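S.K.: Chains as they are written, first to last, in our numbering: chain A, 1 to 116; chain B, 117 to 228.
Source of the hints: derived by calculation from the structure; they are not laboratory data. Bear in mind the structure is a predicted one, so any value in this text is a computation, not a measurement. Careful, some of the hints might be misleading.
Calculated cross-link-like contacts (lysine-lysine; reagent style DSS-like; alpha-carbon spacing at most 27 Å) [as the list claims (entries may be wrong)]:
1. B/K215 - A/K71
2. B/K172 - A/K83
3. B/K118 - A/K62
4. B/K158 - A/K78
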Amino acid sequence: EAGVAQSPRYKIIEKRQSVAFWCNPISGHATLYWYQQILGQGPKLLIQFQNNGVVDDSQLPKDRFSAERLKGVDSTLKIQPAKLEDSAVYLCASSSSSGVSTDTQYFGPGTRLTVL
Amino acid sequence: QKEVEQNSGPLSVPEGAIASLNCTYSDRVSQSFFWYRQYSGKSPELIMSIYSNGDKEDGRFTAQLNKASQYVSLLIRDSQPSDSATYLCAVNSGGTASKLTFGTGTRLQVTL
Chain A
1 EAGVAQSPRY KIIEKRQSVA FWCNPISGHA TLYWYQQILG QGPKLLIQFQ NNGVVDDSQL
61 PKDRFSAERL KGVDSTLKIQ PAKLEDSAVY LCASSSSSGV STDTQYFGPG TRLTVL
Chain B
117 QKEVEQNSGP LSVPEGAIAS LNCTYSDRVS QSFFWYRQYS GKSPELIMSI YSNGDKEDGR
177 FTAQLNKASQ YVSLLIRDSQ PSDSATYLCA VNSGGTASKL TFGTGTRLQV TL
């Protein structure tokens, strides 16, 4: 079974530029998560999708971050404009069930973003 | 603010010893608890989940949960150099829904 796929793996941009990350979850997984992991910290949930609907985006900085999951499969996370403090690894995860508390979340390899 | 606290380490143990990793959480209604291992430059990988008070064993790993004390721990027996990684404690803070809050992780170093 293929795992969660993400691209690109690395991205370097200058502040105020825009960037987009792509995620393809494990086949059949209904729930998709985007996390931000700053160096030395644990992952922080940015947004959670159930199929193509948003379940939780309470920690997403909506003035600059946006995400979509069209057709309930792939997802894209965008930052526009980027700030220095956005430098982090952006992790995508998916889980098979309906987003219940016992779900196991499987993580993709992440995209390492550096903002100069 | 629901919090998950871990000692950042590094925790250094000799090969063959037992490594003990601890985690406390603030949300009393949390029902699900997870331990993820993260190698440097890699993504988190689930190694244990626990939902009920007591111990849960899987190979060399034992997770312990005490909801009254809001405390979760992970024991690694017969530690190997390959166990050297950061261990993230994650607590579900979404009630019946899946919403993980992660600690900052404890870096474990297993020395030869």
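S.K.: Please go over all the hints and tell whether each is borne out by the structure.
M.R.: Hint by hint, here is what the structure shows:
no.	hint	in the structure
1	B/K215 - A/K71	holds (22 Å)
2	B/K172 - A/K83	violated (43 Å)
3	B/K118 - A/K62	holds (21 Å)
4	B/K158 - A/K78	holds (22 Å)
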